[in-house]
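Trainee: Protein chains in written order, with our numbering: chain Y, 1 to 191; chain P, 1 to 109.
Bear in mind the hints are in silico, worked out from the structure with no lab data behind them. Here the structure is a predicted model, which means the values were calculated and not measured. Here a beta-carbon is modelled for each residue, glycine too, at the ideal position from N, C-alpha and C. Please note that the accuracy of each hint is not assured.
What the hints assert, rightly or not - Away from chain Y, derived, C-beta distances all over 12 Å, residues of chain P:
(1) Ala-4
(2) Ile-6
(3) Ser-33
(4) Ile-55
(5) Ile-90
Unchecked claim - Per label pair, the in silico range of CB-to-CB distance:
(6) Y/Gly-50 - P/Arg-96: 21 to 31 Å
(7) Y/Arg-130 - P/Leu-67: 42 to 52 Å
(8) Y/Thr-84 - P/Leu-26: 14 to 24 Å
(9) P/Leu-15 - Y/His-108: 33 to 43 Å
Now for the letters of each chain:
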Amino acid sequence: MRRHLPIMAPDDSSEEPKPEKPPLQKKKGSASAYGATFIIMLGLWCVLSGKFDPFHLVLGVLSCALVSYFSADLLFAAPVTGRTFRIGFGFVRYLPWLLYEILLSALHLLYLSFHPRMPELIDPQVLQFRTRLKDELAQVTFANSITLTPGTITIYVDFHRDFSVHAIDRVTRDALPGEMERRVARAFGEE
Amino acid sequence: MVIALIVIVCVVAGLVFFAGGTLGLLRFPDFYSRLHPAGKLDTMGALLVILGLAIHQLFPVTLGSALTGLKLILIVVFVFLASPTATHAIVDAGFRAGLEPWKKGDPWR
Numbered sequence: 001m002r003r004h005l006p007i008m009a010p011d012d013s014s015e016e017p018k019p020e021k022p023p024l025q026k027k028k029g030s031a032s033a034y035g036a037t038f039i040i041m042l043g044l045w046c047v048l049s050g051k052f053d054p055f056h057l058v059l060g061v062l063s064c065a066l067v068s069y070f071s072a073d074l075l076f077a078a079p080v081t082g083r084t085f086r087i088g089f090g091f092v093r094y095l096p097w098l099l100y101e102i103l104l105s106a107l108h109l110l111y112l113s114f115h116p117r118m119p120e121l122i123d124p125q126v127l128q129f130r131t132r133l134k135d136e137l138a139q140v141t142f143a144n145s146i147t148l149t150p151g152t153i154t155i156y157v158d159f160h161r162d163f164s165v166h167a168i169d170r171v172t173r174d175a176l177p178g179e180m181e182r183r184v185a186r187a188f189g190e191e
Numbered sequence: 001m002v003i004a005l006i007v008i009v010c011v012v013a014g015l016v017f018f019a020g021g022t023l024g025l026l027r028f029p030d031f032y033s034r035l036h037p038a039g040k041l042d043t044m045g046a047l048l049v050i051l052g053l054a055i056h057q058l059f060p061v062t063l064g065s066a067l068t069g070l071k072l073i074l075i076v077v078f079v080f081l082a083s084p085t086a087t088h089a090i091v092d093a094g095f096r097a098g099l100e101p102w103k104k105g106d107p108w109r
């Protein structure tokens, strides 16, 4: 038997004290992050504008200074140190291998999609493994590299560092995590 | 002459990748496996075609043509960042909605 009760808001949520509002001071990036953002933006300005007379350069310097003042803590969350440069250098060294790998597996996928008996060749499966990469940026790079490589798509990464990857056939499945993880780890100095 | 040959090879190879991507998109069995050719072979095709165009307009080398080449390379960089992100977003949406992936032995749909 059900008694007719007045509709009430659930107590537990209304009784809880409201969380403290964070103080209104904005977290600013460090001076080095500001400088690095400014230099990157100025380079981009020069490439995109293509005009090098004083008027346009002054405009560029002013707008880059303004934008990097607003967004210095976006691009570089931590202060720019030697580690940032080491990671950048390692990433640049990682890129050619990644491009070569993308080309190889793109050719494999091209072969699959043109093959008359493709339905017998493919074997899509969801693959799960745990990565040993600790740095968040390294995990993002690894996940994006997996998705960039044809034949494998990262579905999900959880906070236990468990990756779920959809792979199209056995060849692409066997390549993971393997060498790609090792190279990402080396690029981010986690060897 | 040699440059024209390189450009032609790049653009034609890019078109082959585009054709393969479209064919795979039509032939593969389900939502998830269709995304493999749709997302990746198109990226590869875009890379090759744009690379061919960048080489094509680079000669004779002037400041203007070098800047245009750099802008074309920037397009490739953007595609390489955006394409896996979009593919991942679509796959994630499929899994959240509970769509089961096709497995070997399932009926062809």
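Trainee: Run every hint past the structure and note whether it holds.
Mentor: Comparing the hints with the structure gives:
1. Ala-4: holds, 23 Å
2. Ile-6: For P/Ile-6, whose nearest Cβ neighbour in chain Y is about 16 Å away, the distance exceeds 12 Å, so it holds.
3. Ser-33: violated, 5 Å
4. Ile-55: holds, 16 Å
5. Ile-90: Given that some Cβ of chain Y is not farther than 12 Å from that of P/Ile-90, nearest at about 9 Å, it is violated.
6. Y/Gly-50 - P/Arg-96: 21 to 31 Å: violated, 44 Å
7. Y/Arg-130 - P/Leu-67: 42 to 52 Å: Because 46 Å falls inside the window, the suggested range holds.
8. Y/Thr-84 - P/Leu-26: 14 to 24 Å: Given range 14 to 24 Å: violated, Cβ gap about 45 Å.
9. P/Leu-15 - Y/His-108: 33 to 43 Å: violated, 19 Å
In the structure shown, a violation is registered for the earlier hints numbered 3, 5, 6, 8, 9, in ascending order.
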